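If you read the protein sequences in the order shown, they are chains A and B.
Those letters in the first sequence? Residues 1 to 574, per the working numbering, in order.
Those letters in the second sequence? Residues 1 to 574, per the working numbering, in order.
Where hints are given, some of them may not hold.
Example chain A residues on the side facing chain B (calculated, C-beta under 8 Å, incomplete) [said to hold, decoys possible]:
#1 Thr117
#2 Ile230
#3 Leu234
#4 Ile269
#5 Gly274
#6 Ala397
#7 Ala434
#8 Ala480
#9 Ala490
Just so you know, these hints were derived from the structure itself, not from any lab.
Note that the structure is predicted; figures quoted are calculated from it, not measured.
Ideal Cβ placement from N, Cα and C applies to all residues, glycine included.
What follows is the residue order along each chain.
Protein chains: 2
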Amino acid sequence: MHEQHPTESPHAAESSAREMAASFPNSERVYRAVSHGGLDLRVPARRIHLSDGSSLDVYDTSGPAGVDAAAGLPRLREAWIARREPGNGGCVTQRHYARRGVVTAEMAFVAAREGCTAEFVRDELAAGRAVLPANRCHPESEPMIIGRNFLVKINANIGNSAVGSSIDEEVEKVRWATRWGADTAMDLSTGNDIHATREAVIRNSPVPVGTVPIYQALEKVNGVIEDLDIDLFLETLREQAEQGVDYFTVHAGVLLRHVPLTSERLTGIVSRGGSIMAKWCLAHHEENFLYTHFERLCELMGEYDVAFSLGDGLRPGCIADANDEAQFAELETLGELTRIAWEHDVQVMIEGPGHVPMDRIRENVEKEEALCGGAPFYTLGPLTTDIAPGYDHITSAIGAAMIGWHGTSMLCYVTPKEHLGLPDADDVKQGVIAYKIAAHAADLARGNTRARERDDALSKARFEFRWEDQFHLALDPPTARSYHDETLPAPAAKQAHFCSMCGPHFCSMKITEDVRRFAAEQGLDEGRALEEGLRAKSEEFRAGGAALYGTDREARAQEPEPVEAGAPRVAPPD
Amino acid sequence: MHEQHPTESPHAAESSAREMAASFPNSERVYRAVSHGGLDLRVPARRIHLSDGSSLDVYDTSGPAGVDAAAGLPRLREAWIARREPGNGGCVTQRHYARRGVVTAEMAFVAAREGCTAEFVRDELAAGRAVLPANRCHPESEPMIIGRNFLVKINANIGNSAVGSSIDEEVEKVRWATRWGADTAMDLSTGNDIHATREAVIRNSPVPVGTVPIYQALEKVNGVIEDLDIDLFLETLREQAEQGVDYFTVHAGVLLRHVPLTSERLTGIVSRGGSIMAKWCLAHHEENFLYTHFERLCELMGEYDVAFSLGDGLRPGCIADANDEAQFAELETLGELTRIAWEHDVQVMIEGPGHVPMDRIRENVEKEEALCGGAPFYTLGPLTTDIAPGYDHITSAIGAAMIGWHGTSMLCYVTPKEHLGLPDADDVKQGVIAYKIAAHAADLARGNTRARERDDALSKARFEFRWEDQFHLALDPPTARSYHDETLPAPAAKQAHFCSMCGPHFCSMKITEDVRRFAAEQGLDEGRALEEGLRAKSEEFRAGGAALYGTDREARAQEPEPVEAGAPRVAPPD
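Only chain A is shown next, with the shape it has when bound in the complex:
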């Protein structure tokens, strides 16, 4: 086997370096060499160089940079895929290999990304507790894993519901979302050029791509829901699987008998796919064809290794409808379907709500685990209140962080435009950053020590007044820097030993430095602090303390110039 590595032209690498430098100054993409069965895997990370000579490697989703969109990304996994033997019925899923004890190159790759053994990855996949989305027709993707015993992942939605978005724009969206940290991308396009757009997106996506195939199926019948049928749907699945879609949202759990359970709801059915299938069921008075023909879906998806993302078509659309009978009836059906998919060795994750008050979030995770045999949970938010349209990235980041802590494996982002309009580039970034926060907070709460390294590095930089390092370690370095510049624009302020908020003589960290220096000079420790002798030392300190008091007085002289009038300036919390 030949070594697999991204082919980056010198020119492209140069432009990519500029892009990366703008978003992540002092960072570089590095590859860790991992040897696996004769293959040399190159596992990516972003290395943040710090001013003290150390560095921190962080998980990186941005993919090889500087690649021409027309050519597409390097086909990283092509050789890995080529050398594998399919199972019965052509099954090539990661679950298939895992259950037979095989560690694939993809498993070795994600193990290196996650910091665990490849055997652990294999066992989690075999047990159904994790999903490694890796369509054999999307060899450009860098393997990643979704499961409760791995880092919490986030998904960003792209695609356009209006006509007229160019294909280049869609490719740019994937690059933008993954640059800021999206672990997967769902292409929810419903407009023109749906096939060509998806092709361009997949060829340029370094992360797994999900879709909701019913949207394209509906386009094929001109929007007439009742004209949908299983053959048309399977044809659509095949088309998308051949292009390399890594997971399909399928609303196979919306059953005819569930629909009346939504009749007393405040906001009915809010999933597009769910409402489409509900209408189809009612109009035909037949059971959902995705449910009745579910095994045919499994067979097809096994041939490509497309994972199921079993859609929660009856998820609650408001606080009032949370955790109701309709929602949990569907979840029970999703559990039934999970077992069928597993029998076919197809990978499965389960989609979750939606809108849920904080006190009812945990119940969702517990029910999902119990009903769906531990398949990874993939939730939209949930939003913890309905009263803040325009800020639903925040109402939902609260719920996302909590549900992530309780065991959700992937969080589907929500942008500030949710419920109101179509997100633009900045909205996508706001959504991704809010969800990186939620996912990371969940990783910390789960006790992930590797995740903690970044918090500790940033806090240490903060305490040591290494401003540049604080920016470089931040989720969004340019924003952190620009906020600092607004108050203290002078370059010298980046070396200042005081907080920009408080000024030098009120800076607690500055005073703590003084306290520690005094303590060190005097040999203070906890025991000694209680000793009588300390009083004498304290007097020495006062008598000879000009330097310390002097520091305060000198610091006053360095106090920052007042900012310009106009915008009110407000002090930070004590």
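Once you've looked at the hints, dock chain B against the given chain A.
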């Protein structure tokens, strides 16, 4: 007693109506008449008028509008205060009256605001489980209550740490923060004109005002921490109490023996007041004078009814330092001080962290309750990760919502500029909105049915495509409207029966409308859905269903014009 009501001049009322209309269209400030012991109390609310003729009253902190800043707000409580008899030592605290079984006008007022009985308010105050900050020298304030059995409150910090901010600007900050929902304001000024600024702020603040008096005391000794002493501090307290400050943050729990406990911390002492007192203790090798003279503080504060906000000078400043020995040692001391203050009938709340990972948040509330006898908890955030400077309103809104749910009574906001610079007007608004979200999410999780009314009203408006009502019910109506306008600017779109995100034929709510109409026409209910006869009805529906299918087709024709190219447009989540 005469009726107390705001004196609004016709001119001022007119300008205020314009201001309110800009931020809260279709809203008006209303007063509910409450009779109490011969007084006619006028309890404010904001009434949101909806397009269906109904209205919703929401809690309102904005105060009487259109008042000249030089004249100050009407002295609402002046007559209430005048007719009360002080207790021993001149004690006039709400706790004093509550413990003697007296229901004050303030208690009756907050009971009406909260929707409970005045006796319940009294009993919570007497038990120390709530604080009603109401300095007798701040008669302009509209009474509010902070306690675990009431709505969760939020505090906004104002004040300026640089020189040169005008007094008018500070007044404008209070108006701005309370317009968006701040329940109290802390004036953290440390610059020039500190006395005059505070005077203007208090005379124009409809909400209780808190301060950290050590800041001004330190100004009086030219920033030389070691020169601080109890007499200077008490003189400063008296000065500020006379002006009408409603609660004082006092770092009396930072003891000499606690300081060494911080020596191994990643970020030491991050509270300004805490670091000042730690330095004072070490330099003098004496116990904190705020601790040793605590009863003198109690006596003074009882004369005015200034509440203690016992500062957590040793709160953790990063995830690594959360819930450590230093933090909880101080908390134990705060419990000891709480009991002393209560003996003097002085009201007490307890400040809390800071930076805490989600899995360790609950422990903070439980320890505070146990150690401090149920005194209200007042927390800063907490931030749930350190890695997102520039977004700490979000990292902390997650923690604030959770700690609010678990029992915290007031949440001190954090703005996007935290750790980086001084917040401007928009940052203040971002901080307030993020914290209104957190507080409201906590109210919902605590099962507050009144809080739920707003979620339900907004969700109902959403389901019924009443776009204007959605905006009017939102926490930030202008932002919600502007986001909708970006995608669908035409006025007609505000009447459209489809989501702006999905367009008409993919709108789940639109399809649900169709499903429900069909169900209603056919008399569908859960039982009937399972009946054989439904199949026949379904066939009728298909045969006669032109209207329904037609709706879809017609809807396609109404599909919104594509938005302008340039900004990438991304589809919402399925």
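Status of the hints after comparison with the structure:
{"no.": "1", "hint": "Thr117", "verdict": "25 Å, violated"}
{"no.": "2", "hint": "Ile230", "verdict": "18 Å, violated"}
{"no.": "3", "hint": "Leu234", "verdict": "20 Å, violated"}
{"no.": "4", "hint": "Ile269", "verdict": "5 Å, holds"}
{"no.": "5", "hint": "Gly274", "verdict": "7 Å, holds"}
{"no.": "6", "hint": "Ala397", "verdict": "6 Å, holds"}
{"no.": "7", "hint": "Ala434", "verdict": "6 Å, holds"}
{"no.": "8", "hint": "Ala480", "verdict": "4 Å, holds"}
{"no.": "9", "hint": "Ala490", "verdict": "13 Å, violated"}
Hint compliance for this structure: hints 1, 2, 3 and 9 are broken, all remaining hints hold.
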